[in-house]
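> Chains as they are written, first to last, in the working numbering: chain S, 1 to 253; chain L, 1 to 261.
For the record, the hints were derived by calculation from the structure and aren't laboratory data.
Take the hints with a grain of salt, since some may be wrong.
Simulated restraints on C-beta separations [stated by the list, open to error]:
#1 Thr194/L <-> His222/S: 50 to 60 Å
#2 Met204/L <-> His222/S: 37 to 47 Å
#3 Asn40/S <-> Glu173/L: 51 to 61 Å
#4 Val233/S <-> Ala24/L: 39 to 49 Å
#5 Phe186/L <-> Thr225/S: 32 to 42 Å
#6 Phe186/L <-> Asp9/S: 45 to 55 Å
#7 His121/S <-> Gly59/L: 14 to 24 Å
#8 His222/S <-> Arg189/L: 58 to 68 Å
#9 Gly59/L <-> Ala122/S: 30 to 40 Å
#10 Asn40/S <-> Gln214/L: 12 to 22 Å
#11 Arg139/S <-> Arg176/L: 10 to 20 Å
The calculated SDA-like cross-link candidates involving lysine to any residue, where the alpha carbons are at most 25 Å apart (straight line), are [said to hold, decoys possible]:
#12 Lys111/S <-> Arg155/L
#13 Lys145/S <-> Asn168/S
#14 Lys221/L <-> Arg139/S
In silico negatives: residues of chain S with every beta carbon more than 10 Å from chain L [as the list claims (entries may be wrong)]:
#15 Thr2
#16 Ala30
#17 Gly38
#18 Arg49
#19 Arg79
#20 Arg80
#21 Gly83
#22 Gly105
#23 Ala125
#24 Leu129
#25 Ile136
#26 Glu144
#27 Leu178
#28 His181
#29 Thr225
Heads up, the beta-carbon is just placed ideally off N, CA and C, and yes, glycines get one too.
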Amino acid sequence: MTAPLLELDGIGFGYPGRRVFERVDFRLGAGERVALVGSNGAGKSTLLRLMVGLHRPSAGRLIAFGCPRESEADFQEVRRRAGLLFQDPDDQLFCPSVLEDLAFGPLNLGKPHDEALAIAHATLATLGLEGFADRITHRLSGGEKRLVSLAAVLTMQPEVLLLDEPTNGLDEATEERLVAHLASLPQAMVLVTHDRHLVERLATRAVMMHDGTLRDAVLHRHPHTHSHLHIHVHPHAQGAPEGHEHGAVEDQD
Amino acid sequence: MVAQPREAPVSRALTASLEHAAPAWLRACDPRLRIVAAVLFAVVTVGLHQFTALLAAFGVALALALTAGPLPQLLRRAAPLEGFMLLLLLSLPFTVPGHTWFELGPLAASHEGLSLALSIVLKAGAVALMLFALLATLDMVVFGHALARLRVPERLVHLFLFTVRYLDLLQDEYRRLRLAMRARAFVPRSDRHTWRSFGWLIGMLLVRSLERSQRILAAMKCRGFDGRLYLLDRQRWRGSDSGWAAVMGLLLGGLLWLDRL
Numbered sequence: 001m002t003a004p005l006l007e008l009d010g011i012g013f014g015y016p017g018r019r020v021f022e023r024v025d026f027r028l029g030a031g032e033r034v035a036l037v038g039s040n041g042a043g044k045s046t047l048l049r050l051m052v053g054l055h056r057p058s059a060g061r062l063i064a065f066g067c068p069r070e071s072e073a074d075f076q077e078v079r080r081r082a083g084l085l086f087q088d089p090d091d092q093l094f095c096p097s098v099l100e101d102l103a104f105g106p107l108n109l110g111k112p113h114d115e116a117l118a119i120a121h122a123t124l125a126t127l128g129l130e131g132f133a134d135r136i137t138h139r140l141s142g143g144e145k146r147l148v149s150l151a152a153v154l155t156m157q158p159e160v161l162l163l164d165e166p167t168n169g170l171d172e173a174t175e176e177r178l179v180a181h182l183a184s185l186p187q188a189m190v191l192v193t194h195d196r197h198l199v200e201r202l203a204t205r206a207v208m209m210h211d212g213t214l215r216d217a218v219l220h221r222h223p224h225t226h227s228h229l230h231i232h233v234h235p236h237a238q239g240a241p242e243g244h245e246h247g248a249v250e251d252q253d
Numbered sequence: 001m002v003a004q005p006r007e008a009p010v011s012r013a014l015t016a017s018l019e020h021a022a023p024a025w026l027r028a029c030d031p032r033l034r035i036v037a038a039v040l041f042a043v044v045t046v047g048l049h050q051f052t053a054l055l056a057a058f059g060v061a062l063a064l065a066l067t068a069g070p071l072p073q074l075l076r077r078a079a080p081l082e083g084f085m086l087l088l089l090l091s092l093p094f095t096v097p098g099h100t101w102f103e104l105g106p107l108a109a110s111h112e113g114l115s116l117a118l119s120i121v122l123k124a125g126a127v128a129l130m131l132f133a134l135l136a137t138l139d140m141v142v143f144g145h146a147l148a149r150l151r152v153p154e155r156l157v158h159l160f161l162f163t164v165r166y167l168d169l170l171q172d173e174y175r176r177l178r179l180a181m182r183a184r185a186f187v188p189r190s191d192r193h194t195w196r197s198f199g200w201l202i203g204m205l206l207v208r209s210l211e212r213s214q215r216i217l218a219a220m221k222c223r224g225f226d227g228r229l230y231l232l233d234r235q236r237w238r239g240s241d242s243g244w245a246a247v248m249g250l251l252l253g254g255l256l257w258l259d260r261l
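Required output: the full structure, derived from the provided sequences and hints.
As structure tokens, then:
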């Protein structure tokens, strides 16, 4: 087995006056897509931020891409190779135009101007966002912001993607588009999410944050027999009786 | 039913500029030219002494402003300035000593005061109208880029662009909090409870802004931010821009010549 991309060894972390977790062990191998689940406030987002050195652990060892990482300089390299998608796209898109935001990462990596622009355009194209280059970031819709902020992470050409609730607040069509794109990416991923559909579509493995530690969770599939309430709009014939029956439609779920 | 006070859409007015109202030839103009032209016009106009020259400057600015936007919008934008001007017009004749124009009880109005007031009104009006025509019709982001191209210090430009970017968000946050207060039957009165609630509202906005700024910095670090920011734009000087620059030069020269007559 090849060395893991990310390895957390007995990591502990707390905010002043509050322990978030202790002795967290975690490994992310190449090609894995790990769902990180757990209740609100369990520290899932904190763990992602810890992996790229935005927080420092109070105990334990963090090994990324084969080297132990401790100092800010160590983590600067980690951030180039592991892209973190923030929960709120407004935190991430700070440049005036979409193109500038997408070129920001590559320019920081020292790419020349033209190449940075080429990468930005190419990334937009793969996400089907060709017309967005000159759009102003704060005038995008919520779904568009999310797709563009994913594009901004992808322009860094990271080896690992850390996604913090990527489908939160998206409508079905946008979610579908995002999930389909994520599924086509070769990168190893850690997904923080509450979205069962996303876990089902993407994850190869799941871990659960509970009481400050990380446990392996089992992903299993079993048939359910249940009924759904669906919302659909259809015209009624004039004078249809109140509470009339509709013909049964085969349940797709 | 009591009318709810509407929140003034300050940031919307700022960020959604009149860019689409401007005529095609003005939109085609290089933004740098528009900024330089507006600044030079302001400098020249403020230095004029003769009423003919001032009237000409005012006329040109008014004509340009009218091509750049509809009259009602122009009036609405000019209203705060004109209110202040009215105050000047009323007070200056009585406070500047000189030849008596007319007397009002114990107060005497002077010709010198009147002409001073009129020249200030014309100068301020001309400069404001020219700014409405040339700069208010620029998109804020384009304006920022043009400033950077004009060698305005990069830090200031980025500060400006960050402001444009996050003003809306701050406004939205304020509106959400305010709505949440109203949803729990909060009505502003002049009592302790109201002032304390507004204090909390402002405090909460500050805390949230601070937290957001920390998250933004974290996100920037994740993309390799090392203290340098980049601006990409495609402003290009064209032949027609040189033409417009010449027209502006002639206009300013003409104003100075009129002033010498």
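> State for each hint whether it applies.
Verification of the hints:
Separation of threonine 194/L from histidine 222/S is about 57 Å and conforms to the stated range, judged on CB atoms against 50 to 60 Å. Separation of methionine 204/L from histidine 222/S is about 46 Å and conforms to the stated range, judged on CB atoms against 37 to 47 Å. With their beta carbons about 21 Å apart, asparagine 40/S and glutamate 173/L fall outside the hinted range of 51 to 61 Å. Between valine 233/S and alanine 24/L the C-beta distance comes to about 43 Å, which sits within the given range of 39 to 49 Å.
Phenylalanine 186/L and threonine 225/S have their C-beta atoms about 49 Å apart, which leaves the hinted 32 to 42 Å range violated. Separation of phenylalanine 186/L from aspartate 9/S is about 51 Å and conforms to the stated range, judged on CB atoms against 45 to 55 Å. One distance hint, 14 to 24 Å for the beta-carbon pair histidine 121/S and glycine 59/L, is violated here, with the actual separation near 47 Å. The supplied range of 58 to 68 Å is met by histidine 222/S and arginine 189/L, whose beta-carbon atoms lie about 59 Å from each other.
Taken as a hint, the range 30 to 40 Å is violated for the pair glycine 59/L and alanine 122/S, whose Cβ atoms sit roughly 52 Å apart. At roughly 21 Å, the beta carbons of asparagine 40/S and glutamine 214/L sit within the given window of 12 to 22 Å. For the hinted restraint 10 to 20 Å between arginine 139/S and arginine 176/L, the CB-CB distance of approximately 19 Å keeps it satisfied. A distance of roughly 22 Å separates the Cα atoms of lysine 111/S and arginine 155/L; the hinted pair therefore holds under the 25 Å criterion.
A C-alpha spacing of about 12 Å is found between lysine 145/S and asparagine 168/S, which places the hinted pair at or below 25 Å, so the restraint holds. Distance restraint check for lysine 221/L and arginine 139/S: the Cα-Cα separation of roughly 24 Å lies within the 25 Å cut-off, and the hinted pair is therefore satisfied. Its beta-carbon lying about 25 Å from the closest one in chain L, threonine 2/S satisfies the requirement of being farther than 10 Å from that chain. No beta-carbon of chain L is positioned within 10 Å of the beta-carbon of alanine 30/S; the least distance is around 21 Å.
Distance check on glycine 38/S: its Cβ is at least 21 Å (rounded) from any Cβ of chain L, clearing the 10 Å threshold; non-interface status holds. Here arginine 49/S does not stay apart from chain L, with its beta-carbon only about 7 Å from theirs, under the 10 Å limit. The claim that arginine 79/S lies off the interface is violated: its Cβ sits roughly 5 Å from the closest Cβ of chain L, which falls inside the 10 Å cut-off. Not every CB of chain L is more than 10 Å from the CB of arginine 80/S (nearest about 6 Å), against its label as outside the interface.
Remark: the non-interface label on glycine 83/S conflicts with the geometry, its nearest Cβ contact in chain L lying 7 Å away (cut-off 10 Å). With a cut of 10 Å on Cβ distances, glycine 105/S falls inside the contact zone with chain L, its closest approach being about 4 Å. The claim that alanine 125/S is not at the interface with chain L holds, since no C-beta of that chain comes within 10 Å of its own (minimum 18 Å). With a cut of 10 Å on Cβ distances, leucine 129/S stays outside the contact zone with chain L, its closest approach being about 17 Å.
Separation of isoleucine 136/S from chain L is inadequate, the least Cβ-Cβ distance of about 6 Å not exceeding the 10 Å criterion. Residue placement check: glutamate 144/S keeps its beta carbon more than 10 Å from all beta carbons of chain L (closest about 15 Å). In this structure leucine 178/S is separated from chain L by more than 10 Å, as the shortest Cβ-Cβ distance comes to about 18 Å. With a cut of 10 Å on Cβ distances, histidine 181/S stays outside the contact zone with chain L, its closest approach being about 19 Å.
The beta carbon of threonine 225/S sits about 41 Å from the closest Cβ of chain L, which is more than 10 Å, so the claim that it is off the interface holds.
When the structure is compared with the earlier hints, violations turn up for hints 3, 5, 7, 9, 18, 19, 20, 21, 22 and 25 and for no others.
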